[in-house]
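Participant: What follows is the residue order along each chain.
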Amino acid sequence: MSNNRVSRRQFLNYTLTGVGGFMAAGMLMPMIRFAIDPALQTKAEGDFVQTSQKIDEITEEPIKVDFTFEQVDAWYKSDVTEAAWVYRDGDAIIALSPVCKHLGCTVNWAGDSAHPDQYFCACHGGRYEKTGKNVPGTPPTGPLDEYEVAEKDGFLMLGKKIPNTLG
Amino acid sequence: MLNKIYDWVDERLDITPIWRDIADHEVPEHVNPAHHFSAFVYCFGGLTFFITVIQILSGMFLTMYYVPDVENAWKSVYYLQNEVAFGEIVRGMHHWGASLVIVMMFLHTLRVFFTGSYKKPRELNWIVGVGIFCVMLGLGFTGYLLPWDMKAVFATKVGIQIAASVPFIGELIKILLAGDAEILGAQTLTRFFAIHVFFLPAVLFALLAVHFIMIRRQGISGPL
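Here the protein sequences come in this chain order: A and B.
Under full-length UniProt numbering, residues 1 to 167 are what the first sequence spells out, in order.
Under full-length UniProt numbering, residues 1 to 224 are what the second sequence spells out, in order.
Check the hints yourself; a few may be wrong.
[Said to hold, decoys possible] In silico DSSO-like pairs for lysine-lysine, Cα to Cα no more than 30 angstroms straight-line: (1) B:Lys174 / B:Lys75; (2) B:Lys75 / A:Lys160; (3) B:Lys119 / A:Lys43; (4) B:Lys75 / A:Lys77; (5) A:Lys130 / A:Lys101.
[To be verified] From the structure, some residues in chain A lie toward chain B, with a derived Cβ separation under 7 angstroms: (6) Pro30; (7) Met31; (8) Arg33; (9) Phe34; (10) Ala35; (11) Asp37; (12) Ala74; (13) Trp75.
[Unchecked claim] With the C-beta cut set under 10 angstroms, the calculated list includes, among others, these residues of chain B facing chain A: (14) Val70; (15) Val84; (16) Ala85; (17) Phe86; (18) Gly87; (19) Met93.
No lab work stands behind these hints: they were computed from the structure.
It should be emphasised that the depicted structure is a prediction, and the values quoted were computed from it without experimental measurement.
Glycine residues also receive a C-beta, built at the ideal position from the N, C-alpha and C atoms.
Next up, chain B with everything else stripped away, as it sits in the complex (with noise of 0.2 angstroms):
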């Protein structure tokens, strides 16, 4: 049935070409572990997307009860988390997933690092994996402000004084986050929902995509 149904579009649309482009491909012996147990080293950057993946799919459900209101921002969180089945599980996913995205990334930027894969050819994606690292920084800056607890506001309080030391535009940096000269509240907070739901994911998206079209384009870099 499905594969009738396959053959149906692909010969109509010759789809067989596109997906043998992204999903075949040679995985070299020196990255493969099932040749060398410590070629592991070589699945951290899978391991990142596979848990932005779930970070993604986990966010998305989140609005599904999230408000970004400081009235009832902390409510409609507690509610989500005690109320709602599972919630428990689907925002601990988020939670814990948001750290571990860090760790990875780390992980695989100490590998690209050690085996000196960033030089010549691959520095432009060298680059944008710096991007990609800053987006997710400021995703995990902008998201632990949304529950709206003490501990989101004070640490979100810290992060924005450390962006207004900037020299001269630090105070206009300063507003632009907050939304408000003096104020850390309603502003801030809708803001903070807006780049965390919006803005960041979609820089993310194009900076992924770049970086697996160049990784695809350039190979995997050789052996040590």
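Looking at chain A on its own, in the form it has when it is part of the complex (with noise of 0.2 angstroms):
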């Protein structure tokens, strides 16, 4: 034993918060976990999405290709439509995500009459180059995503988001 005696308060301190603090925590931590689960959950994604726009049809000009899967959002299950601009480079097809960069708007290709050969959107003006890249100058702050692309039976198929690739 050292030379500093512990008292019979500080004994009883010690035992009653730690007691306490273990009780507190043995209720809290179930609970807090419980909350904190939407941030822990792990995503099974990467699925391919079948659409219906055929491959030998899509030119160098971007077309909006819809595309529709099942969403499961916890106990809610529906049908979810969503976009993607298409377009021909070379031997590659190119896919883009309509969401604007700047603050999540839906952007149109040739969507404002002064520029028919870029991206606009109608929200705050954003504008975007056929590859996706952002126009300095506009709101957005960086290019377009793109969807990773597959063929099926000479459809296209839309996988997930990836940040733009093309510069």
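Put the two chains together into one complex; each comes in its own frame, and the hints tell you how they fit.
Facilitator: This is the structure:
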């Protein structure tokens, strides 16, 4: 024993705080883990979604391709329709997300008659070139996201969103 | 560090007397289980409060996932219990705690009754206690419906039927509880949810405050 003798008061303080803390932690831990679960859920995704767009019919002019998939939102399942801007670049097929990188509105190809060869976001006038590269001086701070693409029986399939690879 | 912060605040706001008033009070020998083990019966009130705190906390967390809608109530409960980490535990705490609160409260009532603690000058506290008892039963009744399974719906059907048997105003009580003259459905569920998470807890907090202020004012009753 050291000469720092633990007084009865100290001993009771430590044991009561310890036991109380243990009980409180045992109570709160499940509840907090329960609450932060959405941040720790692992997403099983990466499946390609079938579209009704024939690969042959894709030209160098971007077209809007709608695609529908089943979205599981906790206990609520629904069919969600999203879109991509798709065009041909030599042998490659490029599919861009229409979600504006400024504040998430939806962009349209040739949406602004003054810039018929650019994507235009009507919310704050953001513009992108055909490759998705944002036009400097407009609000967006980065290029449009890209979809992974694949082909099945001559039809276009879209995968998950990835950062723009076209520079 | 903590001490420094405490001192800083205390210097300005003089908070020591406030928490001393709340936390620092004498526990007489006859209610201290360390002196007479049989005095554990004096713990039931505190245990009721302890479980009530668990109920409030677990209930708050459950509403992060629960939705009071006939289409989705059961699905959301199924989801939070089976898909969310510790969902079974958190729902279990609320489920079993609900019964335990009633048990503890009943034991507390028995202790007060058999020690004669309800007598003058503590009659008002007994009356408030009966109010708390009723609110707790109300919380149990309204909470029972929320998972929206067969047991819940039929138990509520029976409960509302009983309420409807009150002379003269029974039909009115039934409509006000169910939200509809005929159907036990969407409106019943939203009503019960609102009553369960807003109205009754508000009443409960008020009554508990009065209950505790009175016991502190009057002190615990003397030995037998």
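Participant: With reference to the structure, classify each hint as holding or not holding.
Facilitator: Now the hints, each set against the structure:
1. B:Lys174 / B:Lys75: 27 angstroms, holds
2. B:Lys75 / A:Lys160: 28 angstroms, holds
3. B:Lys119 / A:Lys43: 62 angstroms, violated
4. B:Lys75 / A:Lys77: 11 angstroms, holds
5. A:Lys130 / A:Lys101: With Cα atoms ~15 angstroms apart, Lys130 (chain A) and Lys101 (chain A) stay inside 30 angstroms; holds.
6. Pro30: With a closest approach of 4 angstroms, the Pro30 (chain A) hint holds.
7. Met31: 5 angstroms, holds
8. Arg33: This hint holds: Arg33 (chain A) lies near chain B, its Cβ roughly 5 angstroms from the closest one there, short of 7 angstroms.
9. Phe34: This interface hint holds because 5 angstroms falls under the 7 angstroms limit.
10. Ala35: It holds, given that the least Cβ distance between Ala35 (chain A) and chain B is near 6 angstroms, below 7 angstroms.
11. Asp37: 5 angstroms, holds
12. Ala74: Because about 5 angstroms separates Ala74 (chain A) from the closest Cβ in chain B, which is inside the 7 angstroms limit, the hint holds.
13. Trp75: 4 angstroms, holds
14. Val70: Violated - the Cβ of Val70 (chain B) stays beyond 10 angstroms from chain A, reaching only about 13 angstroms at its closest.
15. Val84: With a minimum Cβ separation of about 5 angstroms from chain A (threshold 10 angstroms), the hint on Val84 (chain B) holds.
16. Ala85: 5 angstroms, holds
17. Phe86: Constraint on Phe86 (chain B) satisfied, holds at 4 angstroms.
18. Gly87: Holds, because the Cβ-Cβ distance from Gly87 (chain B) to chain A comes to roughly 6 angstroms (cut-off 10 angstroms).
19. Met93: The hint holds - Met93 (chain B) has a Cβ within 10 angstroms of chain A, the shortest such distance being about 7 angstroms.
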